[in-house]
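Fit chain B to the known structure of chain A by using the hints.
Protein chains: 2
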Amino acid sequence: MHQKKRRIVILSEGFFGDLEAKTASGLIMYKPEDVVAVIDSTKAGKSVLDVLGFGGDIPIVRDLLDSLKYGPTTLLIGIAPRGGKLPLEWREVIKQALESGLDVISGLHDMLNEDSEFSMLALLKGAKIFDLRESKKYNEVATGDPSLIKAKVVLTVGTDCKTGKMITSIEIARQAKKHGWNSHFVATGQSGMMIAGEGVPIDSVVGDFMSGAIEEFLIEKSHSYDLLSVEGQGTIIHPGYSGVSLALIHGCLPDAMILCHFPGREKIKNYQIKIPPLPEVVKLHEEIAQPIKPSRVVGISLNTQELTEEEAKKQIEKTEEETNLPTVDPVRFGCKRLIGALEFLKR
Amino acid sequence: MHQKKRRIVILSEGFFGDLEAKTASGLIMYKPEDVVAVIDSTKAGKSVLDVLGFGGDIPIVRDLLDSLKYGPTTLLIGIAPRGGKLPLEWREVIKQALESGLDVISGLHDMLNEDSEFSMLALLKGAKIFDLRESKKYNEVATGDPSLIKAKVVLTVGTDCKTGKMITSIEIARQAKKHGWNSHFVATGQSGMMIAGEGVPIDSVVGDFMSGAIEEFLIEKSHSYDLLSVEGQGTIIHPGYSGVSLALIHGCLPDAMILCHFPGREKIKNYQIKIPPLPEVVKLHEEIAQPIKPSRVVGISLNTQELTEEEAKKQIEKTEEETNLPTVDPVRFGCKRLIGALEFLKR
Chain A
0 MHQKKRRIVI
10 LSEGFFGDLE
20 AKTASGLIMY
30 KPEDVVAVID
40 STKAGKSVLD
50 VLGFGGDIPI
60 VRDLLDSLKY
70 GPTTLLIGIA
80 PRGGKLPLEW
90 REVIKQALES
100 GLDVISGLHD
110 MLNEDSEFSM
120 LALLKGAKIF
130 DLRESKKYNE
140 VATGDPSLIK
150 AKVVLTVGTD
160 CKTGKMITSI
170 EIARQAKKHG
180 WNSHFVATGQ
190 SGMMIAGEGV
200 PIDSVVGDFM
210 SGAIEEFLIE
220 KSHSYDLLSV
230 EGQGTIIHPG
240 YSGVSLALIH
250 GCLPDAMILC
260 HFPGREKIKN
270 YQIKIPPLPE
280 VVKLHEEIAQ
290 PIKPSRVVGI
300 SLNTQELTEE
310 EAKKQIEKTE
320 EETNLPTVDP
330 VRFGCKRLIG
340 ALEFLKR
Chain B
0 MHQKKRRIVI
10 LSEGFFGDLE
20 AKTASGLIMY
30 KPEDVVAVID
40 STKAGKSVLD
50 VLGFGGDIPI
60 VRDLLDSLKY
70 GPTTLLIGIA
80 PRGGKLPLEW
90 REVIKQALES
100 GLDVISGLHD
110 MLNEDSEFSM
120 LALLKGAKIF
130 DLRESKKYNE
140 VATGDPSLIK
150 AKVVLTVGTD
160 CKTGKMITSI
170 EIARQAKKHG
180 WNSHFVATGQ
190 SGMMIAGEGV
200 PIDSVVGDFM
210 SGAIEEFLIE
220 KSHSYDLLSV
230 EGQGTIIHPG
240 YSGVSLALIH
250 GCLPDAMILC
260 HFPGREKIKN
270 YQIKIPPLPE
280 VVKLHEEIAQ
290 PIKPSRVVGI
300 SLNTQELTEE
310 EAKKQIEKTE
320 EETNLPTVDP
330 VRFGCKRLIG
340 ALEFLKR
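Respectively, the protein sequence lines represent chains A and B.
Heads up, the first sequence is in numbering that gives the first Met the number 0, so the first residue is 0 and it goes up one at a time.
Heads up, the second sequence is in numbering that gives the first Met the number 0, so the first residue is 0 and it goes up one at a time.
One chain only, chain A, in its complex shape (with noise of 0.2 Å):
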């Protein structure tokens, strides 16, 4: 996927900036320097900057033919919709940009791969389509034998989807590297998977495997670094996605978990089951974990981005105090006191 330097246009057509969009969002926070443009109608004409706060002058266009002037090489599907299927309206674009010769990265559920329009019109044009949730070639079940991973494993939990499990996986991994770890990122998800060029698609793994695929992933991985830092998905109390989430738990067999929550988000995004308490939370996967692997969940991770910055450092404050857990937001003010608490690994 990363052989040649890509130049990428991002559709994010009517959701730019807002979480649903967090692939394009996510790309740009951390690979800038690739994204030549993002297509959305409704901000045309604005920069990224304007939009997220970050991300520089690269400029935000209306549709597809308005980017070709930026000479993109690739159409990313920056938009994780509900379930992972393509909207119809998505159709013509993907057409429009395949036709134009560029190749297509998708994360979505429906392969693009399988569409036959579409992988005529990329064979006829000489494009690629890369569908990164193909989950096809996972067929193992887990072992469940910690002592096959030979790295330590720190997992990102949730209380809810959305909630910065990706962006805390990856600062993690950073900062411990200035921390005498040889750490890795571990992309479960369709963004985390574009930021790092490989990874797991976990949700799309059918029931059996899920499981056995990050295993076996986090196995070989093991040999080549001392801390491996997992982006978690979902969590164990969605009434959609909950499998996911536990499956990753005893896939990834970790020696500490970090419990990422959204202040202010009462209920399931979506949904209307209440969030319990942090504590709750924290306890109810220690004790999930538990039977296969004793873990502990040694930090927390909030995304503040709606609130300011005094508010902010309240929230972290009294998160603390709830919880009695190092509480950081890892965008805001860096996650330092995270890698703090993996200190006890290094025993």
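One thing to keep in mind: the hints can contain errors.
Treat identical chains as interchangeable: a pair holds within one or across any two.
Think about it this way: if two alpha-carbon atoms lie no more than 25 Å apart in a straight line, the pair counts; the simulated SDA-like pairs of lysine to any residue are [stated by the list, open to error]:
#	residue 1	residue 2
1	K84	E113
2	K266	R331
3	K135	M110
4	K161	P145
5	K268	Y137
6	K84	M110
7	K292	Y270
8	K266	E286
9	K335	E309
10	K45	Q304
11	K149	N269
12	K177	H222
13	K30	Y69
14	K127	H222
15	K45	P31
16	K136	N112
17	K273	D144
18	K268	L147
19	K149	Q271
20	K30	L122
21	K136	M119
22	K4	P293
23	K94	K127
24	K30	E139
Note that these hints are calculated values from the structure, not bench results.
Positioned in the frame of chain A, the structure of chain B alone reads:
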């Protein structure tokens, strides 16, 4: 799948009578009239009764050719190997069956229909291949809204795989009818689906859609029945399958759970994971159900097949004392007491 009257020969080579061949014994227990022969060269010449203790004079034969004299219309793959993959030595048997014009029913993860040799042979011979684990059609995320399921739901859960969840769920559905319920068994595994002729192959659905798959099925069935007895899968403390087990709990939104256990089994089968004491397993299930829909474990089902009748009765008594819950072996002594424990759902 049940349009014409089937005459089934079951492939169970080397495993007939073992827990590994539970598809075979399950089908013979509940639909003996559909089975004309069992293939297991290690027990050829015996009858099914000789090996299982039930199932009458259905013959066990050496190989597929040997079974043809009983006029089968269908070969059933009656073993559920670890990971659901097709053992190499079975390829020949399947080819022989298709060449003889027999349909083939498979519950393996490997889709026989996607194997070009098999599908070509089936086409040539006018035979059909039924892959029970075909799961591409499932692509909805669960709503998590219990009000959409218009029936009461009882789900079996377990301390491990192969503890009697399927049989317990079937027996609950049967017995409940005698106590005034309009009850229905809901299959979630290949053996159960063979018996029921329908169901959701939950462990083959991709992660994000597991809960949604079972929820959708229950919503539909709940318009025709007032008690749905759902077959559980694996256990939430299984290193490989826990994600599937949790997806079932959160997708079924059960009103009550029945915990199934194999007395004497101290570790997860094929793993070094210790099974905690039953009261702890009960508590863990209730705690993980709680945030989405509170549910209690209201009874215990033991598989006492390896105990004498006296030992079994003692074990049941001991388990009742330990858990303070009504305990049965539904095969040996019936499951009336479990139906009693569901009485509160009528209020």
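Let me make sure I understand: some of the numbered hints might not hold for this structure. Which ones are they, in numerical order? Failing hints, ascending: 14, 20, 22 and 24.
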